[in-house]
Amino acid sequence: KNQVEQSPQSLIILEGKNCTLQCNYTVSPFSNLRWYKQDTGRGPVSLTIMTFSENTKSNGRYTATLDADTKQSSLHITASQLSDSASYICVVSPNTGTASKLTFGTGTRLQVTL
Amino acid sequence: NAGVTQTPKFRVLKTGQSMTLLCAQDMNHEYMYWYRQDPGMGLRLIHYSVGEGTTAKGEVPDGYNVSRLKKQNFLLGLESAAPSQTSVYFCASIRTGEGNEQFFGPGTRLTVL
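So the sequence lines, in the order shown, correspond to chains A and B.
If you number the first sequence the way our numbering does, the last residue is 114 and the count never jumps.
If you number the second sequence the way our numbering does, the last residue is 1113 and the count never jumps.
One should not assume that every hint holds.
The following residues of chain B were derived to be distant from chain A, with all beta-carbon distances above 10 Å [unchecked claim]:
{"id": "1", "residue": "1013"}
{"id": "2", "residue": "1018"}
{"id": "3", "residue": "1028"}
{"id": "4", "residue": "1068"}
Some chain B residues flagged as far from chain A (calculated, every beta-carbon gap over 10 Å) [to be verified]:
{"id": "5", "residue": "1011"}
{"id": "6", "residue": "1015"}
{"id": "7", "residue": "1020"}
{"id": "8", "residue": "1022"}
{"id": "9", "residue": "1041"}
{"id": "10", "residue": "1043"}
{"id": "11", "residue": "1045"}
{"id": "12", "residue": "1065"}
{"id": "13", "residue": "1072"}
{"id": "14", "residue": "1082"}
{"id": "15", "residue": "1084"}
Think about it this way: if two alpha-carbon atoms lie no more than 20 Å apart in a straight line, the pair counts; the simulated DMTMM-like pairs of lysine to aspartate or glutamate are [unchecked claim]:
{"id": "16", "chain 1": "A", "residue 1": "101", "chain 2": "B", "residue 2": "1030"}
{"id": "17", "chain 1": "A", "residue 1": "57", "chain 2": "B", "residue 2": "1101"}
{"id": "18", "chain 1": "A", "residue 1": "101", "chain 2": "B", "residue 2": "1101"}
{"id": "19", "chain 1": "A", "residue 1": "101", "chain 2": "B", "residue 2": "1062"}
{"id": "20", "chain 1": "A", "residue 1": "1", "chain 2": "A", "residue 2": "69"}
{"id": "21", "chain 1": "A", "residue 1": "71", "chain 2": "A", "residue 2": "54"}
{"id": "22", "chain 1": "B", "residue 1": "1070", "chain 2": "B", "residue 2": "1026"}
{"id": "23", "chain 1": "A", "residue 1": "101", "chain 2": "B", "residue 2": "1059"}
Read the hints as simulated data drawn from the structure, not as lab findings.
Here a beta-carbon is modelled for each residue, glycine too, at the ideal position from N, C-alpha and C.
Only chain A is shown next, with the shape it has when bound in the complex (with noise of 0.2 Å):
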C-alpha cells in the first residue's frame, strides 16, 4: 500500500531558527513530489515540486531535498518567520495522469514562536 510519513507531528521552534521537516514514502512507481503549506482554516498551497531526478529546489526560505533511492525527502526552512506557522504536507504522485492517486501525508504542523 502507497503510504506517506512525516516527521515530526509537530514542533515549536524559536523565530530566527532553521528547522528541517521529513518525509519518507513507500509510493511506486514515483513521478512526483510536492510540499505544501497549509495555513490555519485554509486550503493546502503549494511550495515545492520535485521529480525523480531532482535533488534539491529552493523557493524563498524553503528548500527541499529528495533523495529516490532511499525513499526520502525534507524541508528545511531557514530563518524561520512567525508566518511560518502552519501545517506541512507532503503529497506523492505516482504518475502524470488526473492525480486520482496522490497519497498525503499526515502533515507537520509547525509553530513558530517570540
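Position chain B against the provided structure of chain A, taking the given hints into account.
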C-alpha cells in the same frame, strides 16, 4: 481571479439531513476534486472529475454524490448526513502540466450532530 471558492464555509447538520457543497473555479481547469480532512489523517479523495459531465469515485466515496454539470462547478452532495461525515471538506482543481499542481479552496467545516 478568485481561484477556487467553496460555499458554505461552515455548516451544522442533524443526522439524516441533506446538503450540497458548492465548489467553483475560474481558472478553466479540467480536473476537479473533493477531499475530506480529518485530524491525524491525510487528505482523502472522495470523488473527482476529469471534465464537464464526468465523475469518478475516489478513496472514500460512500455516502456522497457529485455532479459536474458545468466545467467551472463541482458539487458534493450528502443525501443523509451521518456523524462520521463531520470533517473539513476541500475542493481542488488542477493545472495540467508542471506536475499537476493542485489549487485548493478554503474549505468547508461540516459538523453533523
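Inset, instruction - Could you tell me which of the numbered hints above are not met by this structure, giving the numbers in increasing order? - result: 9, 10, 11
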